[in-house]
Amino acid sequence: MSTTETARNRAAFARFHDATNTGSVEAVTAMIDEVVAPDVVFHAPVPIDTTGAQALARVWQVLLRGFPDLSVTAEDVLADGDKVVCRNTVTGTYRGEFRGLPATGKSVSYSEIFIFRFAGGRIAEIWGVVDVLTQLRQLGALPA
Numbered sequence: 001m002s003t004t005e006t007a008r009n010r011a012a013f014a015r016f017h018d019a020t021n022t023g024s025v026e027a028v029t030a031m032i033d034e035v036v037a038p039d040v041v042f043h044a045p046v047p048i049d050t051t052g053a054q055a056l057a058r059v060w061q062v063l064l065r066g067f068p069d070l071s072v073t074a075e076d077v078l079a080d081g082d083k084v085v086c087r088n089t090v091t092g093t094y095r096g097e098f099r100g101l102p103a104t105g106k107s108v109s110y111s112e113i114f115i116f117r118f119a120g121g122r123i124a125e126i127w128g129v130v131d132v133l134t135q136l137r138q139l140g141a142l143p144a
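All the letters of the sequence shown, read from the start, carry residue numbers 1 to 144 under the working numbering.
Quick caveat, the hints were computed from the structure, so don't treat them as lab data. A quick note: this is a predicted structure, and the numbers were derived from the prediction, not measured.
Now the in silico label distances, taken between C-beta atoms and shown as ranges:
1) Arg8 to Gly140: 39 to 45 angstroms
2) Ser2 to Gly140: 46 to 52 angstroms
3) Pro45 to Ala103: 17 to 23 angstroms
4) Ala103 to Glu5: 41 to 47 angstroms
5) Ala30 to Ala141: 30 to 36 angstroms
6) Thr4 to Val85: 18 to 24 angstroms
7) Leu142 to Thr89: 18 to 24 angstroms
8) Thr3 to Ser24: 31 to 37 angstroms
9) Ser107 to Arg8: 34 to 40 angstroms
C-beta atoms are modelled at their ideal positions from N, C-alpha and C, and glycine is treated no differently.
Generate coordinates for the entire structure from the input sequences, incorporating the hints supplied.
Set out below in structure tokens:
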């Protein structure tokens, strides 16, 4: 894969990442339509079963309903060939229902790592590891 394609993939990832920090379901959905393949395969612990780009949009609807001030800070971004890897710190305030739990107003801060595989300039596959244990402890769903 050429350095031009690697740069294009990194730029597409950056646009997607920027959209996730708008707090707008519409902005995230529009960016998913632009940079995510319709049949994207998603491997991560998410609050719904996911298949395809529209399911990924649903994941973001659920996240932003629960955490309207969600912020995803990219601590490290590495791009090589058809893959972009991002290590994030996620913060937000729990103001809406999430994973069947009522809102508490508590703040959360947890880590996650995602690998995005691109094909034809679009995200074709996503792997994610999210520190759900820390997230659920901070929400009060598990003992600290």
